[in-house]
Each structure stands twice: as structure tokens, then as C-alpha cells.
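Please model the entire structure based on the sequences and the hints provided.
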Amino acid sequence: MLASEKKSLYRFLAIYLISTFLLFSLAVAIFYKSAKKHIINSQKKELNIAAQNIKNKLRELHQSFDEVLIYPRIKNFESAIYDLDKNLIFSTFKSPPPLKNQVTKDRIYKVYRIKPYYLGAAYLLVSKEIDTAPIIFLQKNIAIFMLVGGFVFLILGLFLGKLFIKPMKESLQEKNRFIQDATHELNTPISTILTNIELIEALGKCQDAKEELKRVEIASKTLSRIYEDLAYISFNTNLYKKVEDIDFSKLLKERLLYFKSFLEAKDIKVQTDIKENIIIKMDRNDAIRLIDNLLSNAIKYNKPNGSLKIVLDENEFIIEDSGIGIKKSDLSKLTQRFIRANSSEGGFGLGLNIVNEIVKRYNFELKIDSIVNKGTKVTIKWKK
Amino acid sequence: MEKVIFLLLIPLLGIYANESELEKNCLKCHEQNQLPSKLIYKRYLLKYSTPTNIKNAMFNYIKNPDPKNSIMPPQFFLKFEIKKRLDLDDETLKRDIELFIKKYDIKKRLK
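Chain order of the listed sequences is F and V.
Going left to right, the first sequence walks through residues 1 to 384 as the working numbering numbers them.
Going left to right, the second sequence walks through residues 385 to 495 as the working numbering numbers them.
Honestly, I wouldn't trust all of these hints.
These stretches of chain F come out as covered by chain V in the derived footprint (C-beta under 8 Å, 3 or more residues) [stated by the list, open to error]:
1. 72 to 86
2. 109 to 119
Partner residues aside, some chain V positions facing chain F, computed with beta carbon under 8 Å [as the list claims (entries may be wrong)]:
3. Lys426
4. Ser433
5. Ile490
6. Arg493
7. Leu494
Just so you know, the hints here were simulated from the structure itself, not pulled from any lab data.
Please read these numbers as outputs of a predicted model, since none were measured by experiment.
Beta carbons are placed, not taken as given, at the ideal position from N, Cα and C, and that holds for glycine.
Structure, rendered in C-alpha cells:
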């Protein structure tokens, strides 16, 4: 799966799962509240029965009106009676609670009116401990339901997500196939042009049009590099990597020679400090793409008659140009594919993306320092 | 020592004096005429609930004895005569009503 496909799928899944979770949670919360209310209400019915029993007993006590009146007590229930002014007459509570209907964390309180006022009692407050067993059972069921529901929605989301990105995936695959085919078809003519230019130069067959031939060579090499970059991102897989000891110093000099015509065309002065026999363990093609892209950028965005400083040692590889520079705000985006800080020159915005991929692959470190209109310094630190 | 005992006895003597006043002013007559004061209190309690309401209702009735003001049912007056208006000052009457209510205080009886 391509990175863009993954990104789309994750985004779709995030939106789908978050919205589903919110709706699901809302529905479950409403259901839980209603079911809990139903449980509490059914327990309130027990209070009604207890209250009726207490009222009957109060009537009997009022009728007898003996010297000692034993207040009715019911197991698991607490109660209190209050007069018309809500003053406490008698209570079985340790500390009488406020005279109002309420459901606390662990108890239910219900107030009943008494008329006529047996023993002067106008209000009866009855309370019982909430039986939490059915509520805990409900909570457990809801938790299981949420887990199972979440899992089902996740599976459904994955299925829908794949269905959702299928047209995009097909379209991307088609484009990739086209780019791969086109890149493949470009290879033969570019190679033919370059080989024949070299042949003409070697045989000295075109002495009268040296300048024109150089321009054809530069154009062909530019085309060749574009082809190489496109081929790199189209066919780049770990399977084709042959990681070996590369003489980076030698390779860098070879590539500088390759870019000679470009440097001459822009009259760029090159200052090199290349230490001999710097061996780096990497794939040769990766090393070429790394050097070519950095050199190409340093030449492309340099000023005519500008300068180019190249340093290579055991620790780092530095390419510093005196070009147009890059704005600070653009620096962080530069390594993204198809992102270009400046459109004044040709290109696809692949160069630094490829450099960054190679740097990440080999655990190197990439650092870009730039000052607008002064130049850019790209540093690659080799891994220790 | 005698002084101490006397001082301790003062409140008890006060209560006794008050109760004897209630006995003399109210209950004695109730007993003689076989008027059940307990039943009367129960009816007041059943209708008025709070001591304040009971006090007001009793005071009004004693000041203006009339079957319409009475807590007892009309049939009661077929057997018993309506009581005569008491010749007590308001302060004494209120004190006696207070003692009467205390005598049957429901909070003390409930266990």
C-alpha cells in the first residue's frame, strides 16, 4: 500500500471511528441513564411498600397512645417523621438527612405526606441503600457491548475504508504504471543520444559546432538525470539494493566530471576539499543519486559566475553554493515529494526528497542551512 | 449544706408548682366530668400536627368555647355540655396549655 493510500485510509478510519464512537457513546450513555433510572425506580417501589407499612403502624400507635410508643423499624430501611413545620419528631437515621426526595451515591430518599397527622407527623422520610448489583451488571454488559461494538465498527471501518480508497488506489496504480512505462521507454533514446555525443566528441567529428554540441550534451544529461530520478522513485525497492563499500571520494570526482559541462555553462567556480579514500557502505546507485541531486541543485540554483564549495571527509559531506538561497519557512517542507521552494528553474521537486530518503535509509543526518540571496549549505553527516 | 439542698430543690419545686397549677386549673375539672384529656390531645395532634398550631387552636377555643371551634365532634356535645369560659389571664392560660402539651409530648413517648 502506498504512503498516500495509507494516509487516506488512516484519515478515513479516524473520522469514521471517532464519529461512530461519539454517536455510539451518546446512545450508550442515554441507554445507561434510562436503564439506571428504571433500576432505581423499581427500588423506589420497595420504599412505597415500606412507607405504607410505617403509616399503618403510626396509625395504630396514635390510636393506642401508650406511655411508650415503639417506633416501627423495618430491616434495611431507615425512616424519620416530621411535623407540619418540618421539625423532626423521630428518626432512625444516625443523623437525619434533609427532608427531600433524592438519590445519592449509595441511598435513595423519598418523602411521603401523611394525613391525618398520626402522632403529629405530616411528613415521612423513608430511605434505603441502593442495591448496586443490577447497576454493576448493567455496567458490565455495557462495557462488553462497547468492546464488541467497537471491534465490529473497526472491522466495518477497515472494510469501508478499503472500499473507499479502491478507486483512488486504482487511479494511482494506473498513473504509476504509466510513469514506469514512460520512464522505461525514455531510457533507450537518452542512452543513445549520450553515447553518440561522447562518440562524436571522442572522434572529433564536430569541431565547428563544439558549443552547440555542449548544449545538446547538457540538455541530454539533464534529461538523463530526470529519467534517473523518475526511475529511482518508480522502481526503488530494497530488493534491488546492493550495499557495498563505495569509494565515495572517487565517485564524487567522477560525478563532478559528469557535471563539468553544467558548471562551465554557468561559469561556476568549484572549490573542493575532498579527502582521498573515503569509504561509505551503501548502494552505488543510491550514492550517485545522492551526489547528483545535491550537485544539480547547487548548480541549478546558483548565480552565474557563482561559487561551489565541496568538502568530503570521514565525518561529513558538504556542498555549499552561492545561489539564491531558501526562505526559512520553506526549509522544513523541502524534503517532501513534489515540493519546490523556487519555480524559477525546471524540475519536479524530487531531488531533495530522494536525498532525504537515501539519508534516512542509511541513518545519515541531513542538515540544510540557507540564507536568501547568499547561498545554501547542505551537510550530510555519515553514521558513526 | 441545707442551703445547697434548697437551691437544688428550687427547679423541682417550680415544676411541681406548675403541674399543680395545670391540675388545679384544667385537669381536675376534666377528671370530675370524665372528659378524656388524652383523647382531646390526640385529636388536636391529628388535626394540627405542630405544638405551635395546637397551642393556638387550644387558646382560641378556651377563650371562645363553642362547638364550632372545638376539636371534638358535634356528637360529643350531645353527651357533654360546652365548657364555660375560663377566668384565667392569657399568660396563665398559655402556660397551662404549654404544660398540657408537655404532659403528652410525643417526642418523649416515642422510642
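Find the hints from earlier in the document that the structure breaks and name them by number, from lowest to highest. none
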